[in-house]
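2 protein chains.
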Amino acid sequence: MNYKQRIVVIGAGFGGLSFCKKIDKSKFDVTIVDRNNYHSFPPLFYQVASGGLEPASISFPLRREFRGKKMKGCRFNYGGVRTIDTGAKTVITEYETIPYDILIIAAGTTNNFFGIPDLQQRVCTLKSTSQAIRTRNEVLLRLERAAIEQNPDRRRRLLTFAVIGGGPTGVEIAGALGEMKRYIIKREYPSISPEEVNVILVEGSDRLLRTMSEASSEDALRDLRKLMVEVRLNKTMKSYDAEGLITFTDGETITADTVIWTAGVTAERFDFKNFMPGACPGGRLPVDEYNRVEGTDDIYAIGDISYHADEVWQKGCPQLAQVAIQQGECVAANLNNPDKSRPFSYNDKGSMATIGRNHAVVDLNKVHYSGWFAWITWMAVHLISLLGMRNKAVVLLNWIWSYFTFSSSLRLILRQSINPSSPVKN
Amino acid sequence: MNYKQRIVVIGAGFGGLSFCKKIDKSKFDVTIVDRNNYHSFPPLFYQVASGGLEPASISFPLRREFRGKKMKGCRFNYGGVRTIDTGAKTVITEYETIPYDILIIAAGTTNNFFGIPDLQQRVCTLKSTSQAIRTRNEVLLRLERAAIEQNPDRRRRLLTFAVIGGGPTGVEIAGALGEMKRYIIKREYPSISPEEVNVILVEGSDRLLRTMSEASSEDALRDLRKLMVEVRLNKTMKSYDAEGLITFTDGETITADTVIWTAGVTAERFDFKNFMPGACPGGRLPVDEYNRVEGTDDIYAIGDISYHADEVWQKGCPQLAQVAIQQGECVAANLNNPDKSRPFSYNDKGSMATIGRNHAVVDLNKVHYSGWFAWITWMAVHLISLLGMRNKAVVLLNWIWSYFTFSSSLRLILRQSINPSSPVKN
Numbered sequence: 001m002n003y004k005q006r007i008v009v010i011g012a013g014f015g016g017l018s019f020c021k022k023i024d025k026s027k028f029d030v031t032i033v034d035r036n037n038y039h040s041f042p043p044l045f046y047q048v049a050s051g052g053l054e055p056a057s058i059s060f061p062l063r064r065e066f067r068g069k070k071m072k073g074c075r076f077n078y079g080g081v082r083t084i085d086t087g088a089k090t091v092i093t094e095y096e097t098i099p100y101d102i103l104i105i106a107a108g109t110t111n112n113f114f115g116i117p118d119l120q121q122r123v124c125t126l127k128s129t130s131q132a133i134r135t136r137n138e139v140l141l142r143l144e145r146a147a148i149e150q151n152p153d154r155r156r157r158l159l160t161f162a163v164i165g166g167g168p169t170g171v172e173i174a175g176a177l178g179e180m181k182r183y184i185i186k187r188e189y190p191s192i193s194p195e196e197v198n199v200i201l202v203e204g205s206d207r208l209l210r211t212m213s214e215a216s217s218e219d220a221l222r223d224l225r226k227l228m229v230e231v232r233l234n235k236t237m238k239s240y241d242a243e244g245l246i247t248f249t250d251g252e253t254i255t256a257d258t259v260i261w262t263a264g265v266t267a268e269r270f271d272f273k274n275f276m277p278g279a280c281p282g283g284r285l286p287v288d289e290y291n292r293v294e295g296t297d298d299i300y301a302i303g304d305i306s307y308h309a310d311e312v313w314q315k316g317c318p319q320l321a322q323v324a325i326q327q328g329e330c331v332a333a334n335l336n337n338p339d340k341s342r343p344f345s346y347n348d349k350g351s352m353a354t355i356g357r358n359h360a361v362v363d364l365n366k367v368h369y370s371g372w373f374a375w376i377t378w379m380a381v382h383l384i385s386l387l388g389m390r391n392k393a394v395v396l397l398n399w400i401w402s403y404f405t406f407s408s409s410l411r412l413i414l415r416q417s418i419n420p421s422s423p424v425k426n
Numbered sequence: 001m002n003y004k005q006r007i008v009v010i011g012a013g014f015g016g017l018s019f020c021k022k023i024d025k026s027k028f029d030v031t032i033v034d035r036n037n038y039h040s041f042p043p044l045f046y047q048v049a050s051g052g053l054e055p056a057s058i059s060f061p062l063r064r065e066f067r068g069k070k071m072k073g074c075r076f077n078y079g080g081v082r083t084i085d086t087g088a089k090t091v092i093t094e095y096e097t098i099p100y101d102i103l104i105i106a107a108g109t110t111n112n113f114f115g116i117p118d119l120q121q122r123v124c125t126l127k128s129t130s131q132a133i134r135t136r137n138e139v140l141l142r143l144e145r146a147a148i149e150q151n152p153d154r155r156r157r158l159l160t161f162a163v164i165g166g167g168p169t170g171v172e173i174a175g176a177l178g179e180m181k182r183y184i185i186k187r188e189y190p191s192i193s194p195e196e197v198n199v200i201l202v203e204g205s206d207r208l209l210r211t212m213s214e215a216s217s218e219d220a221l222r223d224l225r226k227l228m229v230e231v232r233l234n235k236t237m238k239s240y241d242a243e244g245l246i247t248f249t250d251g252e253t254i255t256a257d258t259v260i261w262t263a264g265v266t267a268e269r270f271d272f273k274n275f276m277p278g279a280c281p282g283g284r285l286p287v288d289e290y291n292r293v294e295g296t297d298d299i300y301a302i303g304d305i306s307y308h309a310d311e312v313w314q315k316g317c318p319q320l321a322q323v324a325i326q327q328g329e330c331v332a333a334n335l336n337n338p339d340k341s342r343p344f345s346y347n348d349k350g351s352m353a354t355i356g357r358n359h360a361v362v363d364l365n366k367v368h369y370s371g372w373f374a375w376i377t378w379m380a381v382h383l384i385s386l387l388g389m390r391n392k393a394v395v396l397l398n399w400i401w402s403y404f405t406f407s408s409s410l411r412l413i414l415r416q417s418i419n420p421s422s423p424v425k426n
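These protein sequence lines map, in sequence, to chains A and B. FYI, the numbering for the first sequence is 1 to 426, going by my numbering. FYI, the numbering for the second sequence is 1 to 426, going by my numbering.
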C-alpha cells in the first residue's frame, strides 16, 4: 500500500467540513481536530441566546457526521489546538501531538475586545454555543431579578440591555430582544411593564449592517425602531465598569447590567513554532491565490481566519460561511488534482439579516429586498444550510410553533453544577 | 376587599405545583419560590445524562405555566431559599425577604454523600437538570479522551463507568450506558472496541430496586446483564480518591474515571430561625396526618422533604412523585375548606423502572410484569406526567427517532463559558 499523505484540519466549521467532504479520502489520510465534538451553526447563535432554539438543534455531533458517506474515512480527534510546529510538522493539542504532511487551518475567529479592560469578564458574547447559552442565562436572570426588585434605579439597570455592534449579529439579537420586550414581558412578567425594558443598539459607524447595501441598512433601522429598539449610530464604547456604567468616546454614558458584545472579531491565535505568519487586519493569516499561508508550502488557511485579497476583494474576502465553504472545496479540489489547480475566487451569493418576526433584509448581487418575503428567504436559506435532517425538522417546527404562539418554551436559566476534578490528567 | 392570607410555597416540583393548582387563589395570595425558573422532571434526568433528551424537553418555564388557567393568580419569585424565620414569619431567599401567613415546604431532596471525603467534587450526579448535563459532558469527554489515548491503563480507566446505587435511577442510567456501549461505540468511535467499555452497577443490598417487588429485581438484573452491565450486589463504597481508585468496605478496589452517584438522598436543608424541626431519617421534616410540620401550626411539608408515617407506611411514605402530588392536593383542599379537613393517606399507584430499549419492570399493587409491554407502560405514564403539550410531543418524537435509528443527536460536550461578574449585586 502506498504511503498516504497525512492531512490535519484544524476546526470543524463550515470551511473544515466542506474541505473534508471534498477531499479524496482514498488518496489522503485525513484527521480533523476541534475543541468541540460538534459542528455548530453560528448564524443562529442569536436564537439560542434569545431562547428561540435549543443548542442541540443547531449543532451536529461530528462523530455522527463522520459516519455519513461523504465524510467516511475522516478521523475526528477531540481537543483544542495550542501550538503549530512547522519545523517538526506537528499540531499540539491540549491532549496530544499530531503529525501532518499538509495542514489546513480553518479555526475561525473569536471575540475582539480591542483591549478594553475587563470587558471579556463583563459582557455577554455570541461567538460559540456556550457563549450563547450564557447570554441567554444572563438575560433571563436579569428579568427574574428585576421582577422582584423594588428600587427603581436598580430596576432600570437590570432592564437595560445594550447591544454593542450593528453588524448582522448585533441587529439580529437586538431584534430578538425587542420581540421579547414586546410579546413576552407583558404576558409573563406581570410586575414588569414593557416600557421599563430598554434595548439599545450601538454602532460605531453611521449605518447598521455596513457590509450590506444602504437600502438594507435603512430597512433594518426602520424595523428595529418598530420593535422599540433604540439605535445609536456613530457611538464607540470606551469602557464598561463594574457598576454597569458604559462610557462612550464622546463622553456620554449609559448604565446597563447587560452588555452584549458583537463589535468585533479577531482570528483564533495559535503559538507558531519555527514560523511567523504575516500580519493582516483582524489577526488573519495572509494566503496566496491558492489559499496557501504565505511563507509556507504545506499549510493552507480557509474561512474567517484567512485573509484572501484579490482584484474584486482588495480588502480581503468577507468573513462569511459561503467564503469558507468555497475555499474548503477549492483547496480540496486542488489537492485531489494538483495538475488542474485553479486559484480561488469568491462567488458572491449575497448576504442577509433578519429583524424579528416577518422582517428581514436581503442583498443578492444588485437586488435588494426586505419585509416578509425576505424573511421567508432568510429562513429557507438557513434551514437548507443546517446540517442534518433532524436539525432541519426540529428548527422548522420550533419556528412554526413560536410564530403562532408568540412564545418559546426554551427559557431555562441553567445554573452551573460543580465541576468535578477529572481524576485522569494528561 | 378582605385580607387574603399569604401562602408561600418553597419549591416548584411535583408537590409545589400540585398544591398551586388546587389551592383557591380567590381566597389566598400565593407566591411560589424556586431556585430555578422552571419545573423539571427528575424521572427523565437519566435520559438527559445519556444524551437521549434535551434538558428543555423535560423542563417547563414556570412563568409560562403560571399563565395557564389552573395556575392563574400565583406569583413566581426566583431565588434559592436560605432561611426560614418562624418568629418573623418570613422566608429569606438569596435576593429578598418574603412574609408568609402559611408556609408550604416542598423543596425535595439533594444528594447524600454520607460524609465520604471529597466525593461531591469527584462524582457525577443526577439530582438536577444542571447535574444531568454535567454528567453527560463528563461521559462524552471520557469517550473522546479514550479515543485518542494510547496508554492501555489510562484507556481502561477512561472507559470504566461505575454507577453507585441500584435504585431506579442507578438501574436506568446503567441501562442507558449499556446501550451506549452496545449501539453507539461501535459505530461512532472506531478506535474504541465495545469490549473495552465497562459499565459497573454497584448496590449495597442484596438486590436491585429494593423498593420494588422481588420479581422486578430479578428481571432488572437479567436485563442489565443482557446489556453487558456488570452488576455487583452487597458492595458498599468507602472512598473514591483523586487517582480514580474506588475502595469498597470489603477491601476490593476498582479504578474508574467516572463514578455516577445515585446512592442516596437527603432532604434540602434550610436555616431555621426560632424553630428546630424534629430529626427523621434522611433529614426529612416530620409531619402530622395533615402534613403540618410537627411543632408548628402554619407550616406544612409535602413531597420528598416530608416524613409522613401512618399505619400502612410505618417507615414513612416513599419518596415518589405520586406521594408529593397527592400531598399537595390534600393540603390545598384542607386549606380551601378547613371544615372538611381530611388526614392524608397515600393511594399507591405502583412503581416502575426501565432498562434500555424494549425493557422495563412494573409493579402495580400486587401485579408485576416486565418486558416490552412494561416498557410501553413506562413510556405512556412518563409522557402523561410531563408538563406541557410541546414537551410531550418533543419527547415522544425523540423516543421514536432514537428507537428506529439506535442513535441520538444530543451528544454535545458543552464547555463552560467564562462567568461574567454581574454588575448589580444584592
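Take the hints with a grain of salt, since some may be wrong.
[What the hints assert, rightly or not] Straight line, CA to CA, 20 Å or less: simulated EDC-like cross-link-like pairs of lysine to aspartate or glutamate:
hint, chain 1, residue 1, chain 2, residue 2
1, A, LYS72, B, ASP250
2, A, LYS69, A, GLU94
3, A, LYS238, A, ASP118
4, B, LYS349, B, ASP339
5, B, LYS72, A, GLU218
6, A, LYS27, A, ASP298
[Claimed, not checked] With the Cβ distance kept under 10 Å, some of the chain A side facing chain B (calculated, not the full set):
hint, residue
7, ASN37
8, SER57
9, ARG82
10, THR86
11, LYS89
12, ILE92
13, THR93
14, SER130
15, ILE133
16, LEU233
17, THR405
Derived by calculation from the structure, the hints in this document are not laboratory data. Yeah, the Cβ is synthetic: ideal placement off N, Cα and C, and Gly gets one too.
Satisfaction of the ARG82 of chain A interface hint, Cβ to chain B closer than 10 Å: violated, 15 Å
Satisfaction of the LEU233 of chain A interface hint, Cβ to chain B closer than 10 Å: violated, 25 Å
Chain B contact restraint for THR93 of chain A - C-beta distance below 10 Å: With Cβ-Cβ at 9 Å, under 10 Å, it holds.
Hint check, THR405 of chain A versus chain B [nearest Cβ-Cβ separation less than 10 Å]: Given a least distance of 9 Å, the restraint on THR405 of chain A holds.
Restraint check, 10 Å cut-off on beta carbons, for ILE92 of chain A near chain B: violated, 13 Å
Straight-line alpha-carbon gap LYS349 of chain B to ASP339 of chain B, limit 20 Å: Roughly 28 Å between the alpha carbons, so the hint for LYS349 of chain B and ASP339 of chain B is violated.
Pair hint LYS27 of chain A and ASP298 of chain A, alpha-carbon separation not exceeding 20 Å: holds, 16 Å
Chain B contact restraint for SER130 of chain A - C-beta distance below 10 Å: holds, 4 Å
Hint validity - SER57 of chain A Cβ closer than 10 Å to any chain B Cβ: SER57 of chain A check passes; min Cβ-Cβ to chain B is 8 Å, inside 10 Å.
Closest C-beta approach of THR86 of chain A to chain B relative to 10 Å, hint status: violated, 22 Å
Supplied contact hint for ASN37 of chain A, tested at 10 Å Cβ to chain B: holds, 5 Å
Per-residue hint verdict: ILE133 of chain A, partner chain B, C-beta under 10 Å: For ILE133 of chain A, the interface hint holds, since the closest Cβ of chain B sits about 7 Å away, which is under 10 Å.
In summary, the structure is inconsistent with hints 1, 2, 4, 5, 9, 10, 11, 12, 16 from the numbered list given earlier, while agreeing with the others.
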